[in-house]
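Line by line, the protein sequences are chains U, G and L. Counting along the first sequence from 1, when you hit position 109 you're at 109 in my numbering, and nothing is skipped either side. Counting along the second sequence from 1, when you hit position 31 you're at 31 in my numbering, and nothing is skipped either side. Counting along the third sequence from 1, when you hit position 26 you're at 26 in my numbering, and nothing is skipped either side.
It is worth saying that the hints were derived from the structure and are not from the lab. Treat the hints with care, since some could be wrong.
[What the hints assert, rightly or not] Using 25 Å as the maximum straight-line C-alpha spacing, the simulated SDA-like pairs for lysine to any residue come out as follows:
#, chain 1, residue 1, chain 2, residue 2
1, L, 101, L, 24
2, G, 36, G, 46
3, G, 59, U, 150
4, G, 86, U, 137
5, L, 89, G, 46
6, L, 89, L, 11
7, L, 96, L, 24
8, U, 116, L, 67
9, G, 59, L, 74
10, U, 26, U, 137
11, L, 96, U, 138
12, L, 101, L, 56
13, G, 38, G, 24
14, L, 96, U, 96
15, G, 116, L, 84
16, U, 26, L, 87
17, G, 86, U, 140
18, U, 26, L, 28
19, G, 85, G, 104
20, L, 96, U, 29
21, G, 86, U, 138
22, L, 101, U, 95
23, U, 26, L, 67
24, G, 116, L, 88
25, G, 85, U, 129
26, L, 89, U, 74
27, G, 59, U, 72
28, U, 116, U, 25
29, L, 101, U, 90
It should be emphasised that the depicted structure is a prediction, and the values quoted were computed from it without experimental measurement.
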Amino acid sequence: MSLYDIIFYLFAAITILSGFIVVTSKNIVYSAFSLLFTFFGVAGIYVLLGADFIAIVQILVYVGGILILLLFGVMLTNKITNVDIRTGTIHVLPGAVAVGVLMGLLLSAMVWTEWKTQPSETPVTTTVTLGRLLITDYILIFELLGILLLIALIGAASIARREQE
Amino acid sequence: MVTNYIPIFLVLLAASIFGAAVVFSSRIFGPLRPNKVKIMPYESGKDPIGTTNERISIKYYLVAMLFIVFDIEVIYVYPWAVEFKKLFAQYGLFAFVPMFIFLVVLELGFVYIFMKGGLRWD
Amino acid sequence: MTSIPMEYYLVLSGFMFSVGIVGVLIRRNAIVVFMSIELMLNSANLTLVTFSSYLGNVTGQVFVFFVMTVAAAEAAVGLAIIIAIFRNKLTVDIDKINIFKW
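If we strip away everything but chain U, and leave its shape as in the complex, we get (with noise of 0.2 Å):
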């Protein structure tokens, strides 16, 4: 075993424990920190992967942006005077049940699939083809998630925020 299966089976625990923390969690502070934990095993997987600018961004957004933002809509949606930040659950068995047979019918798909692979080498840093393919290729998606932005940027803000007077 070598030390990058021992990182890999590292960051697969974090990724799958935490995981079940933020969805099992009956504090919804401790799912949040552990969605923490989630991200950043997931960041280390793509390091492994040898996608180094997408774990950085995968730190950088979804840790340093969204889990923020998540924290935010906790913050905003706590009872004021008695702590009710303990939720419930509902449907946990037959959401088990459904959820086991679609997990199964995934991995058996995942698992017995005769994926085509090569094993061409990835590119030592990914940032550069990266920049590239986005002002070349797919320069027509990129200018709509622009326009996708302002959209949820204006809606979002007329949303919560209530007109004053």
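Using the hints, position chains G and L against chain U.
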């Protein structure tokens, strides 16, 4: 290739061990004799007013949301900027205009919120 | 490139996706449902990066960018909606948000 990242993993490991040691060693080794004055938020000084459990204002959410949008902007600009010299040599102005349009579109949203007074901190 | 076969990464992302679905199905707090959706998006990203890495082709990672952008937009608008609902009904329990229920 992954061997390049071993120092980062080691730093991560050392930092988490050090952090855990700092947090938990005082709990393990120190004597624990709390009394009413000691467990007050400000042991010497003012008495606290109200609860800490109040909801925060919506204004902070708007700032966090603006931050996310410009965070996303950075992840697109960065790889483009790294490759810009070669792209400019190859495509000329067409390496520059798409990013300019992208940035202008995003700034439009910012200007809109600014003009609507969404960032007024009254 | 590595000693770990590609299926391991795929199985990991499959597990993450299933955990996310469980969260969406069984939790009652709308924000935890949001966190579970982020888990599912992350597992999709992991699959994209895995294929991209094992095919020696960076194109998959461009799509990870797009997924992240959509996730950020979705989080911003979705949380704004949740906050607006909370302001009116003083709850984020998705069982109690049922004004459209017939």
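Checking against the hints above, which ones are violated?
5, 6, 10, 11, 12, 23, 28
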